[in-house]
Every structure is written in structure tokens, then in C-alpha cells.
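Chain order of the listed sequences is B and V. Counting in my numbering, the first sequence runs from 1 upward without gaps. Counting in my numbering, the second sequence runs from 1 upward without gaps.
Incorrect hints may appear among the rest.
Unchecked claim - Computed cross-link-like contacts, DSS-like style, restricted to lysine-lysine with a CA-CA straight-line distance of at most 30 angstroms:
hint	chain 1	residue 1	chain 2	residue 2
1	V	249	V	189
2	V	249	V	204
3	B	131	V	52
4	V	249	V	161
5	V	178	V	204
6	B	182	V	56
7	B	182	V	52
8	V	150	V	202
9	V	161	V	150
10	V	56	B	53
11	V	204	V	144
12	V	56	B	131
13	V	249	V	144
14	V	144	V	202
15	V	189	V	161
16	V	178	V	150
17	B	53	V	71
18	V	202	V	178
19	V	202	V	249
20	B	56	V	71
21	V	56	V	150
Since the hints were made in silico from the structure, they are not lab data.
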Amino acid sequence: MVIPFRKTKGRTQPGDEFAELVLPLFDSLYNFACWLAHDRVEAEDLVQEAYAKALKGFSSFQSGTNLRAWIFRILRNTFLNSRTGLAASQTIALEDEEALAKVPAAVTRETPETILFEQVNRDVIQGAIEKLAVPFREVLLLADVEEMPYREIAEVLAIPVGTVMSRLARARRVLRGELQDKVVRA
Amino acid sequence: MACERFPGGLGREELDAFIDGELAVETRREFEAHLRACTSCAADIANRVQLKSVVKRAGRRFVPSADFRRKIENQVLPRKRTWSAAWIPAVAAAAVILFAAAWIAGRWTSGSQAAIGELVDLHIATLASANPVDVVSTDLHTVKPWFEGKLPFAVNVPDLKNTPFTLIGGRVTYLEQKPGAGLLFQYRKHRLSAFVFQDRLKWKNVSTTGTPVRHASFWVETWSTGGLRYFVMGDTSVANVEQLSDLMKRAASAQ
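Chain B with its partners taken away, still in its complex shape (with noise of 0.2 angstroms):
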């Protein structure tokens, strides 16, 4: 159950805007940071700092540039420099992006079968997406979840919106496979 958050239509304190524009993207936050840190407790921790974060930088955030992109760049650096960000960019091999960049444009299609991924159990994706290596979980994540479009994914990674189009597509080869792969054992 979502409980929503206390209204603070009618105040006038400097930190209104910053509740306002912030509080809504809360579920959100959480959400991600679970997925990021596999662990309620650290996904807590995260978003706790990510929140004293932003606020702290909310003054020197320029209104009409993307705030929802802003926080969730907090929180992804945050993790990052966490004790699981680190040790997940040290054990994760990450995909070379020039590699990726090499695969040319029109390529064979890795799933001339068609699977019903609609009759695939709920607990199949969310392991197959778990599997995911951080940079594609978090595009996948930031695409599909957050319905995010590629620019400002670029601006949450940090990564040009072409790095943001391979991975996403990296991403999803990777899923399907696994995902076909498990429906055929099945």
C-alpha cells in the first residue's frame, strides 16, 4: 500500500519547493535503490542520503533543467561510491562500450521464436533482471520502470545518449535470452 505524503499546499518556507518537487519521486527513488543495492537496509541509507544530498544542493539547482534526473543521479553516484557500488564495479566486468558500438546496425535477430514473456512468472523476471550486470539493470530499470526517455537517461548515467541506445539494446538481448532460456527448461 502506497501511503501518500503530508500535503504542504500552504506553506511558505524555503524548503516547500524542495518537499513539492522531490517527495513525489520517493517510491520511485526507493525502488531503484533496491534494485541497485539488493538489500532493503542500504537501499534506506541511500535514498536517505541521496535526499540530504539534494537538498543541500537544491540551492544551486537551476529551475527548468530535469529534477527528477538530477535526484536520480544523486542517488546512482551515491551508490556508486557506496561499499556495494565499489565492490560491484570491481567484481561486475563491465560490457566495453566500443565493443558495443562495433555491432552494426542491422543484425540478426537473436529470437526468431517468438515467447509469451506475458505468461513468463513474475519472480522468472525479476531474477532474470537481478542477473543483469549494474550498467544494463539500471538503463533497463530507468527506460522501462521509470518510462524515462534516452536523453535524460544520458543525464542520470552520465554517458552519451548513444552509449544509453547500446545498452538499453544489450540489455534487452540479454534479458530475452535469459528468459527464453529459462521458458525452454521450463
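Chain V: place on chain B using the hints.
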């Protein structure tokens, strides 16, 4: 492999860009036209859309606890101003005064409304009665002496000559087991009542300004004089009620 029937073909990234709504407008239109004719590409796109959809649903997995939500709320929402201890007595005193004022106003309003409501009920009961008056007479010199011995006070009935009102008659009425005079008047097709009781402590907060108030579609004017409390009411205009009240006041002062 990329569909040979689509000029240039679309790579994996472009196919994803199509389902994410990120393909360039011109290319999107061309590809949409192609999809209508190519079942293979249509199936591929349907498959991608389905995957995106299930990821969206499965991806919304973690919901924060209520405690954590409160924690963040307290962290983010502006803190309420902290009051200096020196302010506490002043704030407490102001609160007491406000509370007392509200209580008195509430009692005044409810007491006033209740008293007027009771009298309006008496008027309605009179109108509904088959025998609204016990003494039927248009003559004040008949009605006034009729009350003698029946009430512990004298009732002065106004002289209605050259007024639009006609006296119908009078009756002894009771409110909370205490007797009072009920006079019934006619104004065209309307009937108005005037009630006279010995004044009571509970009516001390009822308005004595002599300005009619509206209650349940009746205009009611009440005042107190000479230890008696008068109520005049009717469903006519406020001016009629005021006029009859003035006549009653004049009769009382002539006593």
C-alpha cells in the same frame, strides 16, 4: 536478420528506439507503414513491446515502509518553527481567551436559537390547531380581560385601528410548564403570533435589539421589557413583523 523488405533495415537499437518512442519521426512513419505489411517485423515488435511491458510491471517491486516514508518526510519537509519558552504563557492565555470566547458565542448562539426555535414551534402548533384561540374576538377589550386571572401578569393587546392587522383572538399557552399569552393576528392571508411570557434567566442571552431574525422561514422579533418577554413572528415580510412588534411595544408602554 534485419528485414530485407525495409530499406536500410533497422538494427536492434532502432527497433528498441521504435518501441520506446525515440525513433526519428520520418523513420518511424516509414517503419509503421512497413509493419502493416510485414508480419515478421510486426511479430518482432510485438515481442519487444511485451518484454518492455513485463519488465515495467516486474520492475515495480520494492515499496518503502511507512516508517521510512515518515523518516524521509521529516527529513525533507521544512521544520516547524520552534517557539521560545517565553511565548508559552502568552500563547496559552490567548488560547484560553479564544476558547472562552468561542464557548460563550456558541452558548449564546445555541441558547438564542433554541429559545426562538421553541417559540416558532408554538406558533406552528397554533396554526395547525383546529382551535387556535380560546377567545375569539377582534376586540382588544374582550381579549385583554379574558387573560385576567389566567396569567400572573397583565397582557396589553394593541389597538389595531388603521393597521393592516386584525386580531383573531388569544389563548393561554405553556412553555416549559409556565403559562404565557398567545395572541393570534391576521395580515391578509397570513397569521402572525405574539407570545408574552414572564422573562426567564435562560433568555438573558437572547437578542434584545428588536431586530427580527430568520428562523425556519419565519421572521421572529423578540424583546424584553417590564419583566416580560415578547416574541412576535410570522411568515410575512420582515416589515410586517416589525410593524406588529412596534404595535405590541406601544401597547406595553401604555400599560
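We went through each hint and held it up to the structure:
A threshold of 30 angstroms between alpha carbons decides the hint, and for residue 249 of chain V with residue 189 of chain V the separation of about 24 angstroms falls inside it, so the pair holds. This hinted pair checks out: residue 249 of chain V and residue 204 of chain V have alpha carbons roughly 19 angstroms apart, not beyond 30 angstroms. At most 30 angstroms may separate the alpha-carbon atoms for a hinted pair to count; residue 131 of chain B and residue 52 of chain V meet this at roughly 17 angstroms. Distance check on the hinted pair: residue 249 of chain V and residue 161 of chain V sit about 16 angstroms apart at the alpha-carbon level, within 30 angstroms; holds.
Pair hint residue 178 of chain V plus residue 204 of chain V holds up; C-alpha atoms about 17 angstroms apart against a cutoff of 30 angstroms. Between residue 182 of chain B and residue 56 of chain V the alpha-carbon distance is near 19 angstroms, which keeps this suggested pair within the 30 angstroms criterion. Of the pairs offered as hints, the one joining residue 182 of chain B and residue 52 of chain V holds, with about 18 angstroms between alpha carbons and a cut-off of 30 angstroms not exceeded. This hinted pair checks out: residue 150 of chain V and residue 202 of chain V have alpha carbons roughly 23 angstroms apart, not beyond 30 angstroms.
The suggested pairing of residue 161 of chain V with residue 150 of chain V holds, with an alpha-carbon distance near 26 angstroms, which does not exceed 30 angstroms. Under the criterion of a C-alpha separation no larger than 30 angstroms, the hint pairing residue 56 of chain V with residue 53 of chain B is consistent with the structure, at around 28 angstroms. A threshold of 30 angstroms between alpha carbons decides the hint, and for residue 204 of chain V with residue 144 of chain V the separation of about 27 angstroms falls inside it, so the pair holds. Straight-line distance between C-alpha atoms of residue 56 of chain V and residue 131 of chain B comes to about 16 angstroms, which keeps the hinted pair within the 30 angstroms bound.
A distance of roughly 15 angstroms separates the Cα atoms of residue 249 of chain V and residue 144 of chain V; the hinted pair therefore holds under the 30 angstroms criterion. Note on residue 144 of chain V and residue 202 of chain V: the hinted pairing holds, with a Cα-Cα distance of about 27 angstroms set against a maximum of 30 angstroms. The straight-line distance between the Cα atoms of residue 189 of chain V and residue 161 of chain V is roughly 18 angstroms, inside the 30 angstroms bound, and the hint therefore holds. A distance of roughly 12 angstroms separates the Cα atoms of residue 178 of chain V and residue 150 of chain V; the hinted pair therefore holds under the 30 angstroms criterion.
Restraint check: the Cα-Cα separation between residue 53 of chain B and residue 71 of chain V comes to about 16 angstroms, which is no more than 30 angstroms; the hinted pair holds. Note on residue 202 of chain V and residue 178 of chain V: the hinted pairing holds, with a Cα-Cα distance of about 13 angstroms set against a maximum of 30 angstroms. Distance check on the hinted pair: residue 202 of chain V and residue 249 of chain V sit about 22 angstroms apart at the alpha-carbon level, within 30 angstroms; holds. Our distance criterion of 30 angstroms between C-alpha atoms is met by residue 56 of chain B and residue 71 of chain V, whose separation comes to about 17 angstroms.
As the CA atoms of residue 56 of chain V and residue 150 of chain V are separated by approximately 88 angstroms, the hinted pair breaks the 30 angstroms bound.
Violated hint for the displayed structure: number 21, the only one.
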